[in-house]
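Trainee: Residue strings, one per chain:
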Amino acid sequence: MEHINKLARVAFTFMMMNYAAVAGLVALRRGQNVWR
Amino acid sequence: MDMVGVFWSSACVILYVYLGYPLLIAAWARLGGKPVRKATGGAATWPSISIVVAARNEASRLPARLANLLALPYPGHRDIVVVSDGSSDDSVTAVNEFARAHDLDTDVLRVIEVPSGGKPRALNAGVGAARGEILVFADARQQFGEQTLVELASNFGDELVGGVTGELILDCEKAATTDSSVGDGVGLYWKYEKWLRRNESAVWSTLGATGAIYALRRRLWQPLPPETLLDDVLAPMTAVLQGYRIVFEERAVAYDRTSQDAAAESRRKTRTLAGNYQILVQQPRLLVPFRNPVWLQYLSHKVGRLLVPWTLVGALLSSVWLASSSWFYAAALTVQVGFYGLAGLGAVMEWRTRRKPGAFEGISVPLSKGAR
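Chains as they are written, first to last, in this note's numbering: chain W, 1 to 36; chain G, 37 to 408.
Derived from the structure by calculation, the hints contain no laboratory data. Where hints are given, some of them may not hold.
[Claimed, not checked] With a straight-line cut-off of 30 Å between C-alpha atoms, the simulated DSS-like cross-links for lysine-lysine are:
no.: 1; chain 1: G; residue 1: 227; chain 2: G; residue 2: 74
no.: 2; chain 1: G; residue 1: 230; chain 2: G; residue 2: 74
no.: 3; chain 1: G; residue 1: 70; chain 2: G; residue 2: 230
no.: 4; chain 1: G; residue 1: 70; chain 2: G; residue 2: 227
no.: 5; chain 1: G; residue 1: 230; chain 2: W; residue 2: 6
no.: 6; chain 1: W; residue 1: 6; chain 2: G; residue 2: 74
[Unchecked claim] Chain W is faced by these chain G residues, among others (derived, beta-carbon under 7 Å):
no.: 7; residue: 224
no.: 8; residue: 227
no.: 9; residue: 345
no.: 10; residue: 349
no.: 11; residue: 369
no.: 12; residue: 372
no.: 13; residue: 374
no.: 14; residue: 375
no.: 15; residue: 379
These numbers come from a predicted model, not from an experiment. C-beta: ideal position from N, C-alpha, C; glycine also.
Based on the provided sequences and hints, a complete structural model is requested.
Mentor: Now the structure itself:
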């Protein structure tokens, strides 16, 4: 079960990091302050 | 393009970015790596360095940080410039009191106050006040390892080296932290990222630096536009476009804590990737093969990461479309659904962790911008 949990955490982080590229583009286009 | 084309082009991009390119750069580094000719001379040959610390409301951390920076051995001259970026706490007082308590004059430690305007403006002010041949950039939060300044500076013995990035070591790389939902993933990702950087550095140059620990020749510095999101990519890449290399020095280290909170980690990553889009606008030469000496690496590593989320969607939708026509696409769909299921489970674990009363008290520290 611990292995599954670890894989789930890694998969979640992978998805979060990749979809941050989409969020980043949206934020930039909307002129949101994302630097701080 | 039909759905088969969508599937295969998406799969090729994902596999190239996360597997093909890393293998390519590792083989390239092994077969055609360019070693750095480090300085080995006496004290007189060490360049003077200015350590620039941009800080906002860091009064509680600055004394320990300054003590760390002054305790590090360095044979040449060093000075520290702290830029208070519109701090509303006692940051400036903390630095001045530290200087008085340790009998340091302004040749060694100075603090500059600028109105709140963001880190690029603060860095521009700090560099404007710096006198050293080499600029060392540091944040208030981390601590440097003992040999960091020597190891950073020794690389400048090679005239082709324009900058040096050190290694940021996160606590999550050592062991999973209780209640950390993202520590495992971030630790793994950061190790992978540093492995890529090591190889890119061996081939010619990294594609940026770690904001918490990097050094640059002062003459290569160009003032940052105030809206810059990734100063630690723009400044080094400007040097790379001038024909210099940025090398990765793993013996120069800074220690930091991982964000324990997925939301904080997500915000940090969003900022980083927004910055990667922004840099393409700020420096379009990065996309021109004969203007950018690390064009292939930049396209594969940085631009590839911007493409992957779109190709993940493409791979999923095309698999759904094609699954009924072939066992292969059905299997591809199953693998993807399994992966998204795992990610969903990870999201639930994160949500449960966040619901625990006091789960993040005192440990929800924003991760350094370096971990990108």
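Trainee: Hint by hint, note whether the structure agrees.
Mentor: Right, here's what the structure says about each hint:
1. At roughly 25 Å between alpha-carbon atoms, residue 227 of chain G and residue 74 of chain G fall within 30 Å of each other, so this suggested pair holds.
2. Restraint check for residue 230 of chain G and residue 74 of chain G: satisfied, since their Cα atoms lie roughly 21 Å apart, inside the 30 Å limit.
3. Of the supplied pair hints, the one linking residue 70 of chain G and residue 230 of chain G holds, its CA atoms being roughly 18 Å apart against a limit of 30 Å.
4. A C-alpha spacing of about 22 Å is found between residue 70 of chain G and residue 227 of chain G, which places the hinted pair at or below 30 Å, so the restraint holds.
5. About 21 Å separates the Cα atoms of residue 230 of chain G and residue 6 of chain W, which keeps this hinted pair within 30 Å; it holds.
6. For the given pair, residue 6 of chain W sits about 41 Å from residue 74 of chain G by alpha-carbon distance, which is inconsistent with the 30 Å threshold.
7. The beta carbon of residue 224 of chain G comes within 6 Å of a beta carbon in chain W, closer than 7 Å, and the hint placing it at the interface holds.
8. At a threshold of 7 Å, the smallest CB-CB gap from residue 227 of chain G to chain W is about 12 Å, leaving the interface hint violated.
9. For residue 345 of chain G, the suggested interface contact is upheld, since its CB lies about 5 Å from the closest CB of chain W, less than 7 Å.
10. Hint on residue 349 of chain G is violated. Least Cβ distance to chain W is approximately 9 Å, over the 7 Å limit.
11. Interface restraint check for residue 369 of chain G: the shortest CB-CB distance to chain W comes to about 16 Å, outside 7 Å, so the restraint is violated.
12. The interface hint given for residue 372 of chain G is broken, as the beta carbon of that residue sits about 11 Å from the closest beta carbon of chain W, more than 7 Å.
13. Interface restraint check for residue 374 of chain G: the shortest CB-CB distance to chain W comes to about 9 Å, outside 7 Å, so the restraint is violated.
14. Interface restraint check for residue 375 of chain G: the shortest CB-CB distance to chain W comes to about 6 Å, inside 7 Å, so the restraint holds.
15. A least Cβ separation of about 4 Å between residue 379 of chain G and chain W falls short of the 7 Å threshold, and the interface hint therefore holds.
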